[in-house]
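In the order they appear, the protein sequences are chains A and B. So that you can map any letter, position 273 of the first sequence is 443 in this note's numbering, and since no number is skipped, the others follow by simple counting. So that you can map any letter, position 35 of the second sequence is 87 in this note's numbering, and since no number is skipped, the others follow by simple counting.
These are computed hints drawn from the structure, not numbers from a lab. Mixed in with the good hints, there may be bad ones.
Said to hold, decoys possible - Distance condition first, Cα-Cα at most 25 angstroms in a straight line; then the derived PhoX-like pairs of lysine-lysine:
#1 Lys100/B with Lys602/A
#2 Lys414/A with Lys203/B
#3 Lys614/A with Lys112/B
#4 Lys614/A with Lys155/B
#5 Lys614/A with Lys203/B
#6 Lys414/A with Lys294/B
#7 Lys267/A with Lys95/B
#8 Lys100/B with Lys324/A
#9 Lys112/B with Lys515/A
#10 Lys267/A with Lys203/B
#11 Lys414/A with Lys258/B
#12 Lys100/B with Lys328/A
#13 Lys95/B with Lys427/A
#14 Lys103/B with Lys614/A
#15 Lys375/A with Lys203/B
#16 Lys602/A with Lys258/B
#17 Lys267/A with Lys103/B
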Amino acid sequence: MKSIKRVLSIVLMLCIAATLLAACGKTEQKDTGDQGNVTPGGDTNTGEKIVVKYWYPWGGDSETWDLWRVSEFEKKYPQYKFECTYVPEGAGISNGKLAAAVNSGDVPDLVVIDRPTEAYAYATQGGFEQLDDVLDKVGFEWDKINQALLPLMKYDGKTYLIPQNTDTTVLFYRTDLFAEAGLDPNNPPKTMAELDEYAKILTKKDASGNVTQYGFIPWLDAGLDPQTWSWMFGANVYDVNTNKVSLNTPEMIANFKWQMGYAELYDPAAIKSAASSFGEAFSANHAFMTGKVAMTAMGNWFCNAIRIYAPDLEYNIAPLPAPEGGRYGGCALNSNVCAVPRGAKQAEGAVLFALFCQEPYIMDDNNKQWRSLGIYPDRINELTLMKEGDKFLPTIVDITFNENSGMWALTSAATFMNDKLRSGLEECIYNKADPATVLAQIEKEVQAAIDASA
Amino acid sequence: MKPINRTARSQINGILFALPWILGFLVFTLYPLLQAFYYSLTKYNLLKEPKFIGLSNYIKIFTDDSLFLKVLYNTLYMVVFGVSISIVVTLLISLLLNDKRLKGTAGFRVMFFIPTLVPTIILCVLWMLIYNSGGSGGGLMNQMLALVGIKGPEWLGDQHWSKMALIIMRTWGAGNLIIIFLGGLQSISEELYEALSIDGGNFLQKTFYITLPMLKPIIVYNVITSIIVTMQNFNEAFIMTKGGPADSTYMYALYVYRNAFQYSNMGYASALSWIMLVITLALTLLALKASGWLNESE
Numbered sequence: 171m172k173s174i175k176r177v178l179s180i181v182l183m184l185c186i187a188a189t190l191l192a193a194c195g196k197t198e199q200k201d202t203g204d205q206g207n208v209t210p211g212g213d214t215n216t217g218e219k220i221v222v223k224y225w226y227p228w229g230g231d232s233e234t235w236d237l238w239r240v241s242e243f244e245k246k247y248p249q250y251k252f253e254c255t256y257v258p259e260g261a262g263i264s265n266g267k268l269a270a271a272v273n274s275g276d277v278p279d280l281v282v283i284d285r286p287t288e289a290y291a292y293a294t295q296g297g298f299e300q301l302d303d304v305l306d307k308v309g310f311e312w313d314k315i316n317q318a319l320l321p322l323m324k325y326d327g328k329t330y331l332i333p334q335n336t337d338t339t340v341l342f343y344r345t346d347l348f349a350e351a352g353l354d355p356n357n358p359p360k361t362m363a364e365l366d367e368y369a370k371i372l373t374k375k376d377a378s379g380n381v382t383q384y385g386f387i388p389w390l391d392a393g394l395d396p397q398t399w400s401w402m403f404g405a406n407v408y409d410v411n412t413n414k415v416s417l418n419t420p421e422m423i424a425n426f427k428w429q430m431g432y433a434e435l436y437d438p439a440a441i442k443s444a445a446s447s448f449g450e451a452f453s454a455n456h457a458f459m460t461g462k463v464a465m466t467a468m469g470n471w472f473c474n475a476i477r478i479y480a481p482d483l484e485y486n487i488a489p490l491p492a493p494e495g496g497r498y499g500g501c502a503l504n505s506n507v508c509a510v511p512r513g514a515k516q517a518e519g520a521v522l523f524a525l526f527c528q529e530p531y532i533m534d535d536n537n538k539q540w541r542s543l544g545i546y547p548d549r550i551n552e553l554t555l556m557k558e559g560d561k562f563l564p565t566i567v568d569i570t571f572n573e574n575s576g577m578w579a580l581t582s583a584a585t586f587m588n589d590k591l592r593s594g595l596e597e598c599i600y601n602k603a604d605p606a607t608v609l610a611q612i613e614k615e616v617q618a619a620i621d622a623s624a
Numbered sequence: 053m054k055p056i057n058r059t060a061r062s063q064i065n066g067i068l069f070a071l072p073w074i075l076g077f078l079v080f081t082l083y084p085l086l087q088a089f090y091y092s093l094t095k096y097n098l099l100k101e102p103k104f105i106g107l108s109n110y111i112k113i114f115t116d117d118s119l120f121l122k123v124l125y126n127t128l129y130m131v132v133f134g135v136s137i138s139i140v141v142t143l144l145i146s147l148l149l150n151d152k153r154l155k156g157t158a159g160f161r162v163m164f165f166i167p168t169l170v171p172t173i174i175l176c177v178l179w180m181l182i183y184n185s186g187g188s189g190g191g192l193m194n195q196m197l198a199l200v201g202i203k204g205p206e207w208l209g210d211q212h213w214s215k216m217a218l219i220i221m222r223t224w225g226a227g228n229l230i231i232i233f234l235g236g237l238q239s240i241s242e243e244l245y246e247a248l249s250i251d252g253g254n255f256l257q258k259t260f261y262i263t264l265p266m267l268k269p270i271i272v273y274n275v276i277t278s279i280i281v282t283m284q285n286f287n288e289a290f291i292m293t294k295g296g297p298a299d300s301t302y303m304y305a306l307y308v309y310r311n312a313f314q315y316s317n318m319g320y321a322s323a324l325s326w327i328m329l330v331i332t333l334a335l336t337l338l339a340l341k342a343s344g345w346l347n348e349s350e
């Protein structure tokens, strides 16, 4: 009896060990279809569904809309079945999940990433499949897309990313608070001097001197992203031809100095502390919706958040202000990009979906929801909101196609550079560090990071 | 076949019972540890094959990394002040809760333990609201301070107070230390206290001559586990402050995470991790040495 127990316990231990080791091993993706048999028209030689594993980065309202888009794709291409997974942090590119998947062999076939410069950096590191062959096969219309997006799509002459849309960053301002403060709601600020003046007028304090309404906070919302104001100041921080970073420039120094001016207008510690309790963009508690901030820089998609959570809000949008010599009228463009991770089995299904996102009725709904524009400029006049004379869309279209709009620095060290710039700005704001010294140090470190990744 | 004697059989059974842990240790601890050391000698971005570069990562950390000393300082600050404060506070609370003259201590024990059951993300959101509710009067903390005439700082927004804000929060959630202290306190024989009472000893004498010496192994255990947990401090900085303001809450573990997963420098992050392991080991040995435990073992 004792020997039976001993044998059983040994078997049990071996089973546990085998299970543990098996869990660490590579798994092969089960293909229920044959990629080679698929045609863009939607026919397949087998009756089985082709499973496309899809990772997306959004929860909440964005997720609901995205899943609707997937269901529409499955209706048009019934041979495909999408397995959708919400993976935060840019569909796993910023938290190691995608790299772990790539290394394990259990790779998603398609990821949509809401951080274009980080996605580009990931492509330079070898994380995505090259898509030129598949794009040629499905007849991608290169000459018809917004040419400003081309640098984002290609690295070293090969295509890795397919943009779904273009998003702009605009100045949201509360027309009711403008009127209350005696400002003309039809005349938003265009220059930094005007913005600063308006910010002062729109700032309110209580009897104790605590700020109850901020006119404007440069480093709030999209302003937290280093590209937003650096771009508006006219900075060109990276030359792709020479692979050189230029951060210690008059434009960047002016940008930092301008933001440091707000540290003197407001107590930066109080802003930081208060900002930790400001609600998320998709919540009724967002500072712009509650009136704690009268003007803010934000993506055009914020119109949808306001429509949902504060439908009666009196506001308007305008191009971001810029200093003389800056890029007034434009902005650093944003885009959600599709990519096929390295080792994916269903690249063609993934690319089909990426292109399906440009179908006129999908883009029309995208535009109605988020005010995003598709990648084909010739379809913009067909948008419902355009025909209906939407209040905001003309401004967004003007900014998107303005000569001052373009892609922010596309480097192999995008996240590192952005973190460094954020941290450097705080060093200037809190410790009154010299912007030129700080930027010179960041330039050196970012250049080293880019050189090391080569 | 020669029969196995009783001692050998007992040893085999012991090993079999420990086998799940041994396998887990080998697969999930020792192997990653050694693998991380190998990666620390390579340039590795998680996507391409690691490329051996010798000690370059270590050399860069010590000679050309402007953040290394800053994150190390922040983390050691949390270890020195955070662990000290939380150990002293939880020990004092435990002494109170162990006092049989006080009524309702069972309810208080539950109250002090409840925060440890709250998920970290909820704890962080809760304390962000306590430090600042977004109103003009600040959060609950500053409103309470205002009642006694103190103008509270901008806890999470002020680089001089942000680390202390995290320490207060961690101390509030250190109910597990209290439970362990209480376990130790209750194992001290009543006869010792009675003997000192007969000799005319007061509360302080009982505490310093009986309680603390008898509780030393428990204190050492709590200090060491707190040091290890604090060295790995990540969640609060990641969720509440993102390392700011002005990098004042940028903790070592957050720096490792960013290098590994956000900057795709797994080799560099592995080198940082190994340095953290050595520092943690050194601090643990220091705590053991200071407690006299190492000498006692000899």
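Now for the hints, and whether the structure bears them out:
no.: 1; hint: Lys100/B with Lys602/A; verdict: violated, 41 angstroms
no.: 2; hint: Lys414/A with Lys203/B; verdict: violated, 49 angstroms
no.: 3; hint: Lys614/A with Lys112/B; verdict: holds, 14 angstroms
no.: 4; hint: Lys614/A with Lys155/B; verdict: violated, 64 angstroms
no.: 5; hint: Lys614/A with Lys203/B; verdict: violated, 42 angstroms
no.: 6; hint: Lys414/A with Lys294/B; verdict: violated, 29 angstroms
no.: 7; hint: Lys267/A with Lys95/B; verdict: holds, 20 angstroms
no.: 8; hint: Lys100/B with Lys324/A; verdict: holds, 20 angstroms
no.: 9; hint: Lys112/B with Lys515/A; verdict: violated, 39 angstroms
no.: 10; hint: Lys267/A with Lys203/B; verdict: violated, 44 angstroms
no.: 11; hint: Lys414/A with Lys258/B; verdict: violated, 70 angstroms
no.: 12; hint: Lys100/B with Lys328/A; verdict: holds, 18 angstroms
no.: 13; hint: Lys95/B with Lys427/A; verdict: violated, 37 angstroms
no.: 14; hint: Lys103/B with Lys614/A; verdict: holds, 24 angstroms
no.: 15; hint: Lys375/A with Lys203/B; verdict: holds, 17 angstroms
no.: 16; hint: Lys602/A with Lys258/B; verdict: violated, 53 angstroms
no.: 17; hint: Lys267/A with Lys103/B; verdict: holds, 22 angstroms
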